[in-house]
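Use the sequences and the hints to build the structure in full.
One letter stands for each residue in the lines below.
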Amino acid sequence: MKLGWQTRLHIWLRLMFLQASWNYQRMQGLGFLFALLPGLRKLYPEEEMHEVSLRHAGYFNTHPYLAPLVAGAVLKLEEERAFHGEERSIDIVDFKEIVAAPYAAIGDALFWGGLRPLAAAIALFFAIKGIIWAPLIFLLMYNLVPFWFRIVFFEYGYRHGIQSVDYIQEHNLADWAIHIKEAAVVVLGGLCAFLVFSHLTENQLPTWPGLLTLLPMVLLGLGARKGLSTLLLIFVTCLTIIVFGLFWADLAGFFKF
Amino acid sequence: MWFELMIGGVLALLCGLDRIAILQILISRPIVAAPVAGILLGEPQIGLQIGVMVELLWLARLPVGAAVPPDDTQVAIAATVLSVALGRQLEAVSIELVLLCLLVALPVGKIGQYFDHRARNYNGHLPIETERALAEGLWRRTQWLHLRGMLSFGAASLLTYLIIVAVGLLIIPPAWPVLSTVFYPSAELMQLALPLVGVAVILGTVNVSRSITLFCASFGMAFLLMWLVQQ
Chain A
1 MKLGWQTRLH IWLRLMFLQA SWNYQRMQGL GFLFALLPGL RKLYPEEEMH
51 EVSLRHAGYF NTHPYLAPLV AGAVLKLEEE RAFHGEERSI DIVDFKEIVA
101 APYAAIGDAL FWGGLRPLAA AIALFFAIKG IIWAPLIFLL MYNLVPFWFR
151 IVFFEYGYRH GIQSVDYIQE HNLADWAIHI KEAAVVVLGG LCAFLVFSHL
201 TENQLPTWPG LLTLLPMVLL GLGARKGLST LLLIFVTCLT IIVFGLFWAD
251 LAGFFKF
Chain B
1 MWFELMIGGV LALLCGLDRI AILQILISRP IVAAPVAGIL LGEPQIGLQI
51 GVMVELLWLA RLPVGAAVPP DDTQVAIAAT VLSVALGRQL EAVSIELVLL
101 CLLVALPVGK IGQYFDHRAR NYNGHLPIET ERALAEGLWR RTQWLHLRGM
151 LSFGAASLLT YLIIVAVGLL IIPPAWPVLS TVFYPSAELM QLALPLVGVA
201 VILGTVNVSR SITLFCASFG MAFLLMWLVQ Q
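Residue numbers (our numbering), protein chains in the order written: chain A, 1 to 257; chain B, 1 to 231.
FYI, nobody ran anything at the bench for these hints, they're computed from the structure.
You may find that some hints are simply not true.
To be verified - Mimicking DSBU-like on lysine-lysine, the simulated pairs with C-alpha atoms at most 35 Å apart in a straight line are:
1. A:Lys-226 x A:Lys-129
2. A:Lys-226 x B:Lys-110
3. A:Lys-76 x A:Lys-2
4. A:Lys-76 x A:Lys-42
5. A:Lys-129 x B:Lys-110
6. A:Lys-42 x A:Lys-2
All figures in this text were calculated on a predicted structure; none of them were measured in a lab.
What follows is the structure, encoded as structure tokens:
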């Protein structure tokens, strides 16, 4: 028996609630079972459902945008298991465990570490100019790729089952994550230059000292790399600026700005 | 005042759920949450300013596995609500007040991590109850138990928001007459510095080889281009 598109859509929609009961014991485990239940109940008779459900109620954790790929593949495997019986199918729990961690690592690097800063940096250009559509620009730019992954990968996983792992390998997503992170760093550089340049021109100050901004930024970056907390860096910076601001008039008079 | 706080509370709840529990379409990011709060309260530019200042600060802290990053969503929403509400009450809608609200909200917002941990711990009883429900074949209850997890995440978000707002309402009105004069000469520079600190932290923590070289080259090139265009 194959699952109809309505059931698959139902499961896909439930995957949007994957982390509703996130906890330290099973992480996304209950969410994964919650998403698959409409499909499992169509595949198995009521008397087998307890055992089948327990299989999916255990520990599970992956990136939420790549969970549809795992869910699609698991549905395919469950379909085969329901049709052919246990002897002709691979261990579904093993499959989930094998793919969850690598997918999580790829998703974290690609989406949280790469795409999110890139979309934020681009949207901030608009926000700094006072364009009120900046949040919408961020949402559109960011969500385009994750939703493509969520929709297409779910269907791909369902059609190809265990073979869907090859699809991820072929597309070198880990390399893409590095390229997107590099792009984000370049855009952030442009954004900072734009911020500093705009500030100096608006205040009719000479622009060339703006290049010196790199020095404190690199120092702060090295501080962060050494483990200094962001809050500490913020308050040290703000305090320095406040003290500097209080004595600015005297300094300006002394140096005859 | 109550109207502003309530609007902020509803938004804090919705955006808080997007952070972990549902959808994750990132309406919880400060660049979205703060301007939306600003629009709802009739001061979109204040929301936009706060969004710009907060967005990059903790962007480098990834929600990986069991790691809980600081709750920048509630910081952004609460700072916007405080800026608008107190700005109207004190008749001082200004960048200085916005900065003061933000600098109060930032450290208090750390409490969001504690509530988030508590919510995740509290949800720890759900798997046991689910197994009981499964043994009895109670499918509807199994599904309800999963969705019930959202309540703890919602409560964590709302509590974080309320505590930031309460501390802000206690500290800012008496401190404002003194601190407004202190903030006045340095407000614009601080407004510029906050996103730069965020970018510096990203540079320090991003897993990209030669990130500082790439950043400096891009910064220098963009700066020189703008300078040339201006001449």
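These are the hints, each one checked on the structure:
no.	hint	verdict
1	A:Lys-226 x A:Lys-129	34 Å, holds
2	A:Lys-226 x B:Lys-110	21 Å, holds
3	A:Lys-76 x A:Lys-2	9 Å, holds
4	A:Lys-76 x A:Lys-42	13 Å, holds
5	A:Lys-129 x B:Lys-110	30 Å, holds
6	A:Lys-42 x A:Lys-2	9 Å, holds
Comparing the model with each earlier hint shows no violations; every hint is respected.
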